[in-house]
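There are 2 protein chains.
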Amino acid sequence: MPVKNRQPEPRYIFIFVFLIIMFVLVQASQAAEKHKDEHMFLDSHLDTPLLVDFSALDITKRYSWQNDYVQVDLPRMKEGGLDGGFWVIYTPQGPLTQDGYARALKEARQRNAVIDKMVRDAPDDFALAVQGQDARAIIAQGKRVVYKSIENAYPLGEDLSLLDEFYAAGVRMVGLVHTRNNQFSDSSTDSGGQKWGGLSPLGKELIARANALGMVVDLSHAHDDALEQAMALSKTPIILSHSGASQLYTHPRNVPDRLLKQLAETGGVIQINSLSGYLRKLNVDRRRLPELIKIYSEYRAPDSANGEVGAKHIAYTAKRRALDAKYPPQYADISDVLDHFFYTLELMGPEHVGFGMDWDGGGGVANLQDVSDLPKVLAAFRNRGLSEADIAKISGENLIRLLAVAEKAARD
Amino acid sequence: MPVKNRQPEPRYIFIFVFLIIMFVLVQASQAAEKHKDEHMFLDSHLDTPLLVDFSALDITKRYSWQNDYVQVDLPRMKEGGLDGGFWVIYTPQGPLTQDGYARALKEARQRNAVIDKMVRDAPDDFALAVQGQDARAIIAQGKRVVYKSIENAYPLGEDLSLLDEFYAAGVRMVGLVHTRNNQFSDSSTDSGGQKWGGLSPLGKELIARANALGMVVDLSHAHDDALEQAMALSKTPIILSHSGASQLYTHPRNVPDRLLKQLAETGGVIQINSLSGYLRKLNVDRRRLPELIKIYSEYRAPDSANGEVGAKHIAYTAKRRALDAKYPPQYADISDVLDHFFYTLELMGPEHVGFGMDWDGGGGVANLQDVSDLPKVLAAFRNRGLSEADIAKISGENLIRLLAVAEKAARD
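Protein chains in written order, with this note's numbering: chain A, 1 to 412; chain B, 1 to 412.
Derived by calculation from the structure, the hints in this document are not laboratory data.
Note that beta-carbon positions come from the ideal geometry of N, C-alpha and C, so glycine has one too.
One thing to keep in mind: the hints can contain errors.
Unchecked claim - Listed next, with one range per pair, are the computed distances between beta-carbon atoms:
(1) B:15 - A:137: 37 to 43 Å
(2) B:285 - A:60: 26 to 32 Å
(3) B:314 - A:161: 26 to 32 Å
So here's chain A without its partners, still in its complex pose:
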């Protein structure tokens, strides 16, 4: 009898267990809800250093796309929940000559210095990151994450030891090529066709050197043949830092299913871009793009400065407005960006897709014109039923995974 006395009645056990289960479930659901705003959110292609360089924009101040054609700054990063990402050292393609290399190198070093200055000037807001694990630590301090990457390895010339110099400066991702063939690789968009049949011998050496250093190799802008060869050659997974799916829109900048599947199989990641002209066919006067590129290049050429950066940026926006009047722009829509996300997620899985919107480098569509609009994309992910775990991968974990793998392979 005393033994029986110590046991609670069955109905109490039932209620007890039921309540514990409910409690745990509700707590878990709450935790997931709370987690929503806490995903690490990184973009692999922020071209903003170009604006900081040529117009001396103060990135801690608020600009706008509507007034200034500027898409990234600290206030809007906070509003959009963007924690940072890879800030780009971009150099346009010039002649494959010693003189061309020398001038490009000077510009790339200058761009690198501008990124350093940006962080130095706002040490409470930004911090340089070099290792995969740095991002979380920086975010925990309430700061924005500044990884560095190179878009277009052209400034390295034929001296691969320069890659070590940029590595030492903190660069952890290297994109081989831009819109025209260079000494390393065929471009996907060179009007003259292929020069190397994919990678050049020097390009293969560059990948080996990047592997040895522990840098992520970026094949956005490269010809499909170069991507295929790079996937076979690289010891660590390839990134497409800002690209799309050619199944949705046949454009050389987009990547066919066959290679996207291979990218996933080799552990790589495609970071979806938001450049209107790559997302879908648009009804734009074809004279617009060359003029827009001309405006960009006038803007960026140091000798076009009139001495006052504010006036220079105003002149640039004035030219863009005049162009808009002459040949009206047509932007793709946020729904097009979502199409590329959902298509690649379906094809490749949530471990192999991320964000590389090409902000301040040509990205931006209707209703997704700056980083403050990013929550709209996350909302669409949730409406589509993506799990919080998958969203966390897409919004940042995949990107730093690639960096961690590259680091580890170099160490071993």
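The hints should help you fit chain B onto chain A, whose structure is shown.
Only chain B this time, still in chain A's reference frame:
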């Protein structure tokens, strides 16, 4: 002993009660969290019927501000969580003559018919609302809420029985005046100064008639004197359907603290507008606004049509782009809109502030350029620490409260 046997041990009772309390607390917190996206969200000034009328835009399709200068459509209402609001029958001010009245009346009737057609064409997406309580029922059906309002009572001429006609057509809010004095009221922005010293005798009759019918009286655009007289005269609270605070920016379209306090004391509501030029001082060439108004009026004049609405809208956007190139626009920022919200909330309390962004009627600032951007405002409210209960008032409850009060007063 048998009695004692039926009682659970004290520690089980303790755990049991503790778990029930935790469960209830967590559930309540979850409910609050879930409630976030379920606030009724209404805007008191949607000028979109003008676009639907002149360009035959299909509101169920997706447009964009970036490509089309269109700020409201069904897909973006869904994305922004906007449930609907008051869709405006707007008539520009013309001469105070019988002929002028007759032409304006024709246009107002046409605009009313366009709103009806919009709802008739998409009965699964939109529903007409006339009573305060209709909004919730329509939202519960998964549809968008279409209340009707008049901006500028000019089309009524001197025949107040016409107000009954519009009431019968479903109109439940009447704005007395627009940018110039009319037969009912002084405008806040008539370059000729005041004509009536506030309300005209006919304007006072109009308010009495609106009270008798159960319509909400809207004093946006009216001179301060007219607002003050209307607050004293009207039997039910006054609305400012799209206005701002002159303490933040001295502009005749904004309202001084003294009158805003009086508005709150009399139970009224200011619905914050997002028209850049009213929010703060901008650095815009002053030749821009007259030209922009000219473009609008060319667009809206029926005889400027070339027969094909698509081409007409394209011509309108082309003119706007040309104007942007000639006299660059400068938009205020979402932070300016928030300033007007927070200032009036502090001054008047959460029962007396709401949304009246003037979408498709001149509203829209950098980072808040269409209804899909509205969640940014709610996020800022939450960051500021506003309670969900207060956000619910601001996002819709205040607006339908005024309508319910007007209905009840008319019934009694």
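Hints versus structure:
The beta-carbon spacing between residue 15 of chain B and residue 137 of chain A, approximately 40 Å, falls within the hinted interval of 37 to 43 Å. Under the hint 26 to 32 Å, the C-beta atoms of residue 285 of chain B and residue 60 of chain A, about 29 Å apart, fit the expected range. Distance hint for residue 314 of chain B and residue 161 of chain A: a CB-CB separation of about 56 Å, inconsistent with the stated range 26 to 32 Å.
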